[in-house]
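These protein sequence lines map, in sequence, to chains A and B.
Note that the numbering used here has the first sequence beginning at 1003, numbered continuously upward.
Note that the numbering used here has the second sequence beginning at 50, numbered continuously upward.
Wrong hints could be hidden among the right ones.
[Claimed, not checked] For lysine-lysine, the following DSS-like pairs were computed, each having C-alpha atoms within a straight-line distance of at most 25 Å:
no. : chain 1 : residue 1 : chain 2 : residue 2
1   : B       : Lys618    : A       : Lys1313
2   : B       : Lys622    : A       : Lys1286
3   : A       : Lys1269   : A       : Lys1030
4   : A       : Lys1030   : A       : Lys1286
5   : A       : Lys1030   : A       : Lys1050
It should be emphasised that the hints constitute simulated quantities derived from the structure, not laboratory data.
Note that the coordinates shown come from a computational prediction; the quantities given were computed from them, not determined experimentally.
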Amino acid sequence: MSWVIDLLQLIVLVAAAPLLRGIIGRVKALIQNRQGASIFRPYADLRKLFRKEDLVPPTASPLYRLAPIILFAATLVAVALVPTLQASSLLGLPGDFILLVYLLALGRFFLMLGAMDGGSSFGGMGASREALVSTLAEAPLLLGLVAVSVLARSTSLAGIAHWAMGRSPFQLSPVHAMAIFALALVTIAETGRVPVDNPTTHLELTMIHEAMVLEYSGPSLALIEWASAIKLNLMLSLLIALFAPWGMAATLSVGAMAMALVAYAVKLLVLALAVAVLESSVAKLRMYLVPDFLGAACALAILAVAFTALKR
Amino acid sequence: MTDVLFYLLLALLLAGPVITLIAARLRQAPAISAHLLFVALVAGALASVAMLWQGRVVSVDLSCLAPFSFSLLVDRLSAYFLLLICLVGAPVALFSGSYVERHYHGARRVWFWVLLPWFLLSMVLVVTASTAFAFLFGWELMTLFSAGLVLIDGHDGERRGNVFTYLLMMHAGAAAVFAAFMVFLPHSAGLGFAALRTAAPLLTPAARSAIFLLGFIGFGTKAGIVPLHLWLPKAHPIAPSPVSALMSGVMLKTAIYGLVRLSFDFLGTGPAWWGYLILAAGAVSGVLGVLYAIAEHDLKRLLAYHSVENIGIIYLGLGAGMIFAANHSPAWAAVALMGALLHSLNHALFKSLLFLGAGAIADAAETLDLEELGGLFSRMRVTGTVFLIGCCSIVGLPLLNGFVSEWLTFRSFIAGATLPGLAPAIVLPLMAGVLALIGGLAAACFAKVFGVAFLGRPRSVEAADAVEVPRAMQAGMAILAAACVVIGIAPVIVLRPLAGIVLQLLPGVVLPQQAFALTNMLPLIALAVIVVALILRSLCRAPRITPTWACGMPGLDSRMQYTSTAFSKPLRKVFSQVYRPERSIETLPADPPFFPHWIAYRSVRTTSFERSLYRPAINGILATANRLRRLQTGNIQVYLLYMFLALVAALIYMRFA
Chain A
1003 MSWVIDLLQL IVLVAAAPLL RGIIGRVKAL IQNRQGASIF RPYADLRKLF RKEDLVPPTA
1063 SPLYRLAPII LFAATLVAVA LVPTLQASSL LGLPGDFILL VYLLALGRFF LMLGAMDGGS
1123 SFGGMGASRE ALVSTLAEAP LLLGLVAVSV LARSTSLAGI AHWAMGRSPF QLSPVHAMAI
1183 FALALVTIAE TGRVPVDNPT THLELTMIHE AMVLEYSGPS LALIEWASAI KLNLMLSLLI
1243 ALFAPWGMAA TLSVGAMAMA LVAYAVKLLV LALAVAVLES SVAKLRMYLV PDFLGAACAL
1303 AILAVAFTAL KR
Chain B
50 MTDVLFYLLL ALLLAGPVIT LIAARLRQAP AISAHLLFVA LVAGALASVA MLWQGRVVSV
110 DLSCLAPFSF SLLVDRLSAY FLLLICLVGA PVALFSGSYV ERHYHGARRV WFWVLLPWFL
170 LSMVLVVTAS TAFAFLFGWE LMTLFSAGLV LIDGHDGERR GNVFTYLLMM HAGAAAVFAA
230 FMVFLPHSAG LGFAALRTAA PLLTPAARSA IFLLGFIGFG TKAGIVPLHL WLPKAHPIAP
290 SPVSALMSGV MLKTAIYGLV RLSFDFLGTG PAWWGYLILA AGAVSGVLGV LYAIAEHDLK
350 RLLAYHSVEN IGIIYLGLGA GMIFAANHSP AWAAVALMGA LLHSLNHALF KSLLFLGAGA
410 IADAAETLDL EELGGLFSRM RVTGTVFLIG CCSIVGLPLL NGFVSEWLTF RSFIAGATLP
470 GLAPAIVLPL MAGVLALIGG LAAACFAKVF GVAFLGRPRS VEAADAVEVP RAMQAGMAIL
530 AAACVVIGIA PVIVLRPLAG IVLQLLPGVV LPQQAFALTN MLPLIALAVI VVALILRSLC
590 RAPRITPTWA CGMPGLDSRM QYTSTAFSKP LRKVFSQVYR PERSIETLPA DPPFFPHWIA
650 YRSVRTTSFE RSLYRPAING ILATANRLRR LQTGNIQVYL LYMFLALVAA LIYMRFA
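Starting from the given sequences, assemble the full structure and let the hints guide the process.
Here it is as structure tokens:
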């Protein structure tokens, strides 16, 4: 029966992803003293895009339309590795966090190729900048995960979540805190939020992700938008699972599941608020300051790994 | 049966060139040579698979033909590398059949088919030799035949200079390997491998370390670790593409074989600093190799630098294996070693695939400069698809072979945290970050390669008029691509023989099952990705083809696309400390700041090693040689005096020594 819950948590994460985006957008609007759109607007956007026709440049190869599909599929399979409602996941296995990092890389690689297939300047520009950010984000992401994994003496995400559940929130070690900070910084970079990238801009001087998807339209664009919403939800859920899994269901009862769902939703809401407040209060970094930003994440992750060894 | 297939391989490789020469006058001569080579290598592949599967040992003693003891013995480790040679060699032979016919005529064609089988034979000799003499014989022939093959494309001054660098560094490396064998001698009954193996425990720790260091330098030169990689980006790109594929894919792996044979088989477990040395060499080679690659826009030079990177990844696995072994953790040493050995095979497959792809691009678009390519995927579907598979494999993306070996290496690094002692528990997990950085940089580099060469708009007339290469060339590449996919989805087919090899090198080891959890999961994940992709694909409607909005301008042209240089600019800027280019801007007229008539911009990147490490050494040698020249007076009496003084010195030494 456990796998039904695993499947359920996959569906919840995927289905709630646009809602999370809507909430962040609404909160940002409220902070900026605007009324803002409904929190359900991302769903309406997706529906609209899925109904439109797909426009393809004459020079594009078949890869142009394949790229969003592979991006979506890889992101979906990556979601199957993240525990949210209980400390297990559909495809969990020892060492699954390496697989997670590389599945995200698979999707990103194809999105970069798809962008370059458009044949305009913007695709290459976005792909080049995305290459910079993702290259520098990969090492701190993995090192942060390694630090937590070593601390928990488990190499699977579910095992780490299980270990963290058994500890009180006040037993937080400095190593844990460093790993949280490193992974939080990487999350901002990986999901393209301010101050690394601005998801609402279309200014060629600053855009990264938006430049890559500029030529896409219709269902292909819908897949990309949904996949990036899922990725944001995935990274936030990962932070929750690794550092604040309290409330995850320990048994398979309906009550425990309902509690887990509520706890998960509340934690996600808190993180969404944090993202919205952060995006409203800091300015986007110049692109050549992003390496410094990720360098800080990398330094924190390296220290976290080194101190886990010292702490034994 | 296995023996017969192995003998068939040796006989056909030996006789192939002779048959080529005899049949040179016939019209079908190239086809005969290519088919003969293909058959030989398929026989060799079958033989090695059988030997790996059954663990049978085949030996041949040829001492009667040679002045020293000369024999071959194929154990599991040798069989694995034999498989590597044959598995890559066969598709390359298939590819060459068509490639050579289109590019070379007359004597060059004959030379190609004479040298290629012997080049392969020399590599077979190296990995199957069971005496030091046979090993070194093969080792030297391998250098000479490959140098001959590099010169087939022509021999202008620059090319000769590059080949000279190659030969010089190879001979220096071979000297170190030779010396490594010699250090065994006082304790060893002979230079047979069995004698060396029994002698190794009797050596003093200092002698063992000396052997290891000599092997590290000797094999490191062949493998192309930084800073001994200088020859690699010079020699590989100028060879014909099938030869580049063999040199990068296979020849470098003979150095890995030598290092594994020397350190794991002969010397056994050494002190931990051996492992740290290998690990450091791997980390430096991996990161610098990929950084140099990103800055290149000549496809073959770029691929050559990626060989440095991948050798670095292999070294990371080997180093981790040595550290685990030194810390009495053979189980994880086995995992790290399996990662390194598997990456050797994987790199052989995808790197030769990419080099063959480069050959196909050069064939179709007549250039390898990325800035002149573009849009090839629409014109060359098969080449594009297999090249994409090669790119994804080398980046280490899941569901392809590169991921499996990197996964094993990652797993062993993370397990390093369980070792007692502070140093390995800090260093090994941090190496996971280094490997991730290498992976990220490689992804950026190959997004550039595939995006610029195959996607978007063509950047030159030649690229716009490119046509798909002939079937035989496609087939050669497709075989290699298929192998990449099969290993990537069902790695169990190679992991089982690999387990047999590490059992031979680390007897009695129990493999940690959790390190292989991925192998059962990968087919499932592949299925999930494919099913999701197929469902989404079937939901998509036919698209409408319409020009891209050009902001109201007449239209987009290919000059508006990002170039290879532009793509890599952000990364080059961030890592500018590594490149340190020499830039100069000249304007005419020089003084008025606006509207000059003429501007020249020059940016030269020589790798900093060439400037700061090799140049002083070369200058020093030349200066010493100039000073020594004074000894050479040309006067016979002076030479007689030298001999007399030498004799007296020898006598004095003998008296008091």
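Right, here's what the structure says about each hint:
1. B:Lys618 <-> A:Lys1313: violated, 41 Å
2. B:Lys622 <-> A:Lys1286: holds, 20 Å
3. A:Lys1269 <-> A:Lys1030: holds, 18 Å
4. A:Lys1030 <-> A:Lys1286: The hint holds at about 15 Å.
5. A:Lys1030 <-> A:Lys1050: holds, 23 Å
In summary, the structure is inconsistent with hint 1 from the numbered list given earlier, while agreeing with all the others.
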